[in-house]
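*Asks:* Chains as they are written, first to last, in my numbering: chain A, 1 to 296; chain B, 1001 to 1300; chain C, 2001 to 2253.
Honestly, the hints are just simulated from the structure, not real lab data.
Every residue, glycine too, gets a C-beta built ideally from N, C-alpha and C.
Keep in mind that a hint or two might mislead.
[To be verified] Here are the simulated DSS-like pairs of lysine-lysine, each with C-alpha atoms no more than 27 Å apart in a straight line: (1) C:2087 x C:2018; (2) C:2020 x A:13; (3) C:2033 x C:2119; (4) A:13 x C:2190; (5) C:2080 x C:2131; (6) A:173 x B:1040; (7) B:1011 x A:63; (8) C:2112 x C:2144; (9) B:1040 x A:200; (10) A:13 x C:2033; (11) B:1107 x C:2020; (12) A:111 x B:1011; (13) A:146 x B:1040; (14) A:13 x C:2018; (15) C:2018 x B:1107.
[Said to hold, decoys possible] Per the computed footprint, the stretches of chain B lying under chain C, defined by three or more beta-carbons under 8 Å from a beta-carbon of chain C, are: (16) 1068 to 1074; (17) 1118 to 1126; (18) 1137 to 1149.
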Amino acid sequence: MRISTGNIFRLRKTWWRFEETFFRSLMIFSSMVIVGVLLLIIFSIMKTGIPALSFEMLTQTPKGGFYFGKEGGILNAIVGSAYLAVGATGLALSIGLPVAIFMNTWLLKHKKTVNIIRFILDLLWGVPSIIYGAIGFMIMIMLGLKTSLLAGIIVVGMFILPIMIRAIDEALKTSPSGLTEASLSLGSTKSELGFKVLAKQCFPGIITAVLLSFGRAIGDAASVLFTTGFTDNIPTSLTQPTATLPLSIFFQLTSPIPEVKNRAYAAAVVLTIIILLTSILSRVFSNRYKKHSIKF
Amino acid sequence: MKPFRIGRLVKERVNRVWMTLWTVIIILTPVIIGGFLLWKSSMLLEENSLMKLLGSSEWKPLSGKFGFSPFIISSLWVTFLALIIAGPICILSALHLTYYAPSFFMKIVQPAIDILAGIPSVIYGVWGVVVIVPFISGHLAPVFNAETSGYSILAGGLVLSVMIIPFILNILIEIFNTIPVELREATLSLGVSNWITIRSVLLRKAFPGIISAIGLGLSRAFGETIAVLMVVGNVTHVPEGVFQPGYPLTALIANNYGEMLSIPLYDSALMLAALILFAIVVLFNLASRLIIIRYENKYR
Amino acid sequence: MENETKIRIENLNLSIGKSKILKDINVEIPKHKITVILGPSGCGKTTLLKSMNRLTDIYSDIRVSGKILIDGEDILHTDKDVTEIRKRMGLLSQRPYPLPMNIYKNIAFGLKISGRRKKRFLNKRIEHYLKQANLWNEVKDRLKEPAASLSIGQQQRLCLARGLAVDPDIILADEPTSALDPISSQEIEKKFTELKNGYTIVLVTHILRQAIRLADYVIFMYLGEVIEQGPAEQFFKSPQTEITKAYLKGSIN
Ligand SMILES: Nc1ncnc2c1ncn2[C@@H]1O[C@H](COP(=O)(O)OP(=O)(O)O)[C@@H](O)[C@H]1O
Ligand SMILES: [Mg+2]
């Protein structure tokens, strides 16, 4: 018996239709999984953490120490993280903005060089934060420095520098080349072009870069593991060690003492909320400020 | 007018000098990192051959035995698991978001991806400890007749997969978006269905991009520290199943570095661990990008 | 048989998001002729062309209403699979987009989806279609090379051959020569005049001279509306509306 081409063709078409439906369902399922997992994570962090939150938790430093529990809160970690993240973001911005501008003004003609720099920055952003932490600690030992807020700021600053530069760079890159030409033909120097024209035009992009870097700075634990130390007190100078939210979670989560464990849960909620706020803020900012930049 | 002009130009010169300096420093950073790690681990490398260190599974720092294979194999396990789980989900979801989903859906999912990407490692760790670990020990392991505390390779892989999903997904969406719509339209015009167009043309076109997205995801997963450390169990042995605990390289460094400086050889061993980590991350980064470049030379 | 209508569009409206792109389009496209859609850029020519092919389906925020009748059958409201409809039309876009495969497989793809798999048959047909697109002599020794290694002009002819291989009876061409050099453009134009005996050709262009050279029938669009349509001679010699006159004089671009 011969099966006709027409029959095979019809069979094939049925099979194709099945494939279409099958993979389409899988795709929708995958997207659902992603959204579902996010909701699950936020839900479970909130569920364990919110009962542990109280006014006391947010406004007091730990009273009973690490091994004994007792009352007290996570103020040391909140303030420490704020200091650290603001300091590191400031440091990274003050180096990153000029470098990004440099890449998009002076180096504009050297496309290959810029691409190599971008490549290396992406590479650096891929370097695990624990390596930054380890190298930072190594250098501290060599210089005879102790764990401190300052050391943490420098290490975290270096760790977020690549993402800061690349994010600003991406913003500057999208600025229309007509603007650059117009500005240069008016006789402005490259620094004026960069810092006055481009930086203003790309302000929303820079804000987004800062918020992104801030989020990374406040959330990373591995880079501060060896460099900031950990303390129950709020640091009063750059040379003192400091607690941070991520380490406060990391160290206290596995404690058998409920009070200590609760601090970890509470810190997790606080950190999650900070990250959510940064995310929302960066969206709001980039939408609001977009209206003020010139569209070509 | 004249002093003003000179002032401007001097400023321009000065700016140029220190910006160049910073840029050079940044370009050199990977070399500096690699050099530092190599220098620090040289003490151990002088006494043992690298092959022996990588191949041996005997880890007894106090008697000077440093076998890295338990850590490397644990790292490979969790990374592999994470990719096996995250890879297909990311590819399917990226296809869905670029080729099927109505645009309002993308408006919901994009923020979700961004938030997932921004959630700190330690939060994923908490989630792992609170949800994944009990789920594995309480529900999953009994199904497979396995004994486990839940702190396991599987927990590490699962947590890690969720962490790298936004990372890989964002790259994939970008890759699918750079394929010209006209190619899709041209293929559809031949009278094939959406999925066949994707399967036989678009995925083929995107293939190198997909490979490099996975490669980048791999290097990210390989270097992830805190979240994995919190759920993986940290037992020094060569794991033989996903329900067993493991001890990845990053966890080794995080748990021991800083406290073991009194034993110089131990210190050196941990730096070697960091060097291996660094080398693998750099390798996969480079490879991922080279694949793309080579592909682009071939087609167009 | 002189003026048999192949495609008839009735009250076609199309909007993307909130903006109306096509407004109340009514046209008739004659069989086995070259119909040129003419108009300044941004007036909706590409959109009109793609809606004939139902490529508008793939964008979620496009809304279409009205009728597009091909051989009397409304392709917008039909139970038929959309792939069946698309197969009847070959599309040639502004730039060539060869499939990411070798030259041979670029043509074989269309044949295979129509259920043809036998090697001997494929070889014969592929040669046939490549000859039809005037490409055979240039590529017969390099069929296994990636299609992207061809020149742009060759790629465009490959795309033509690829489109012909699914055996359509309509060819939709969207400014097919705009990325090509003059000589390649000429070849494509010449090919079109040969092909019109067997195919109904709809050609979008904003090059007036190309339209004059090729058109049997002209549809003139402006800002999403069809302003004027008719046989080429009548259209170019005695345009009816002021806008058309202005356009033909070159004062609208
Ligand atoms: N995806 C889209 N979203 C919004 N507007 C679009 C889109 N594609 C095309 N348009 C608009 O539709 C109009 C017609 O476009 P098009 O059909 O490409 O014109 P033509 O081919 O005549 O140059 C243009 O004004 C264009 O801006
Ligand atoms: Mg067009």
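*Asks:* Does each hint fit the structure? Answer for all of them.
*Replies:* Taking the hints in turn, this is what the structure says about them:
| no. | hint | verdict |
| --- | --- | --- |
| 1 | C:2087 x C:2018 | violated, 31 Å |
| 2 | C:2020 x A:13 | violated, 36 Å |
| 3 | C:2033 x C:2119 | violated, 34 Å |
| 4 | A:13 x C:2190 | violated, 37 Å |
| 5 | C:2080 x C:2131 | violated, 32 Å |
| 6 | A:173 x B:1040 | violated, 39 Å |
| 7 | B:1011 x A:63 | violated, 53 Å |
| 8 | C:2112 x C:2144 | holds, 17 Å |
| 9 | B:1040 x A:200 | violated, 45 Å |
| 10 | A:13 x C:2033 | violated, 33 Å |
| 11 | B:1107 x C:2020 | holds, 23 Å |
| 12 | A:111 x B:1011 | holds, 25 Å |
| 13 | A:146 x B:1040 | holds, 20 Å |
| 14 | A:13 x C:2018 | violated, 37 Å |
| 15 | C:2018 x B:1107 | holds, 17 Å |
| 16 | 1068 to 1074 | violated (count 0) |
| 17 | 1118 to 1126 | violated (count 0) |
| 18 | 1137 to 1149 | violated (count 0) |
Comparing the model with each earlier hint shows violations of hints 1, 2, 3, 4, 5, 6, 7, 9, 10, 14, 16, 17 and 18; every other hint is respected.
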